[in-house]
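K.L.:
So you can see what is in the structure, the chains are spelled out below.
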Amino acid sequence: MSHDDHQTHHVNYLAVFFVLCGCTGLSVLFDVLSMPKGVTIVLVLAVACAKAMSVMMYFMHLKFEGNWKYVLLAPTTILAVGLPIALFPDIGRSYYINAAPQVTAWADEVAEYEREHAAADGGAH
Amino acid sequence: MGIPIPNSKLGMWLFLGTEIMFFTAFIGSYIVLRLGSNGWPTRYEDTHINVLLGGINTFVLIVSSYCVVVAHEAMAQKNFARARGYLWVTTILAFVFLGIKGVEYKGKIDHDILPGRIPETSSQAMVKVADQLEELVRERFHAYTHAGVITAERPADVVTIAPLLQALSTAVRPSALTDSEFKRYQEASVADYELFQKWMNLKQHIVADVSLYEVESALPADYLAKRDALPEGARLPALKLEEVRRYLNDLKTRDWPLAGLINSRVFDPHPMVYGNIFASCYFIMTGFHAIHVIVGMILFGMVLKQGSSLNERWTDWVENSGLYWHFVDLVWIFLFPLLYII
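Protein chains in written order, with the working numbering: chain A, 1 to 125; chain B, 126 to 467.
Simulated from the structure, these hints should not be mistaken for laboratory data.
Hints are not guaranteed to be accurate.
[Unchecked claim] Cut-off 25 angstroms, straight-line C-alpha distance, at most; resulting in silico cross-link-like pairs (DMTMM-like, lysine to aspartate or glutamate):
| id | chain 1 | residue 1 | chain 2 | residue 2 |
| --- | --- | --- | --- | --- |
| 1 | B | K134 | A | E116 |
| 2 | B | K203 | A | D31 |
| 3 | B | K226 | A | E65 |
| 4 | B | K233 | A | E116 |
| 5 | B | K377 | A | E116 |
Take these sequences, add in the hints, and give me the full structure.
P.N.:
Put into structure tokens, the structure is as follows:
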């Protein structure tokens, strides 16, 4: 179970930990601040990506690994990103299209629901 | 020539590659479904998503990730006691994470925010109120048939039991019951029979789709007679969700013995468009993540089982378990904003 390849990389793990905590606080702050929904989404996902990079680079030591990491992770990353892109034209743009029977039958109720939500969300973030 | 890392680490990274695809299948599908569903539920009143609890869990996982990486460092420095200490903290934090998740799940279960149980339209919400009232009626009626207060050929048929219940005040006491017991049942039967009537009335109005307050009786014969009396092309006023809300509210707030029970067991009608697919996405993503947390706890548990005899032979194990644990943290880093904030 052992090998002699456990080099010490002199990473300040505590600093990485505080960066991650700060990023989490930032995510919650973006949620609390009244900003347009699109801006909140972009900011919050950008913070999530920054956190993920910190964990992968320092906690998982990818920063100090050789080029094998690209060989191993590139195919899975491409497939992972490709899945939503492949699904998007079929589902993301037309999950419940107007011609779907349940939407035709519920059109009034859906409109009423959305009106209620618009009224309830008025002024909230 | 080959990849310059131990086989076990290579194996773990290959496994993590498959895990990336596993979770992105769910996360990607969630993003696509959500983009394609205009009106996705996001309000706390609809989803009971608690940002504070999600934030605390994020913090818990970050602390645990830090502990794992320090434990691995300690193993590399052959400081096994320190490594064990940090792994204990990690395992305890994993329990804390699951505990908080349990609290969140309980909130969802208490409010019936479960896949397939959320009404998405007004008509489904009205039917759900009737169904929940029916459940109460059946439960109340079962108490009489089970105790032998009422003897019926078909104890599950509430429609045939209802007249027996109505006549209970003048019925003869069964020999198996004492006077005081029978009197208690007689007193309770008044409210229980009224509950049956209220439920039946609501159900008939839902089936006929006529107003609860403008059309007094929706019994098939009454309803058909009223419909026949209408001029050609005219319709009886339809049942509205607001009426069912008012009807239920009256049952919950009036001064009668069943108010508390109805309050706790029958939810206010609350249609939520895309509510079921939201619940499916929430439970499948957080559920699989929780399973991964449990697997991580088992991996750490096997190291901790070594106790003071932990030695350098376990260094690779701790490193690979740590990689796995960081991946579990990574998944949560994306689930938290996607499910709790956005």
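K.L.:
If a hint holds in the structure, say so; if it does not, say that too.
P.N.:
Do the hints match the structure? See the list:
no.: 1; hint: B/K134 x A/E116; result: violated (54 angstroms)
no.: 2; hint: B/K203 x A/D31; result: violated (44 angstroms)
no.: 3; hint: B/K226 x A/E65; result: violated (34 angstroms)
no.: 4; hint: B/K233 x A/E116; result: holds (23 angstroms)
no.: 5; hint: B/K377 x A/E116; result: holds (24 angstroms)
Of the numbered hints listed earlier, those contradicted by the structure are 1, 2 and 3.
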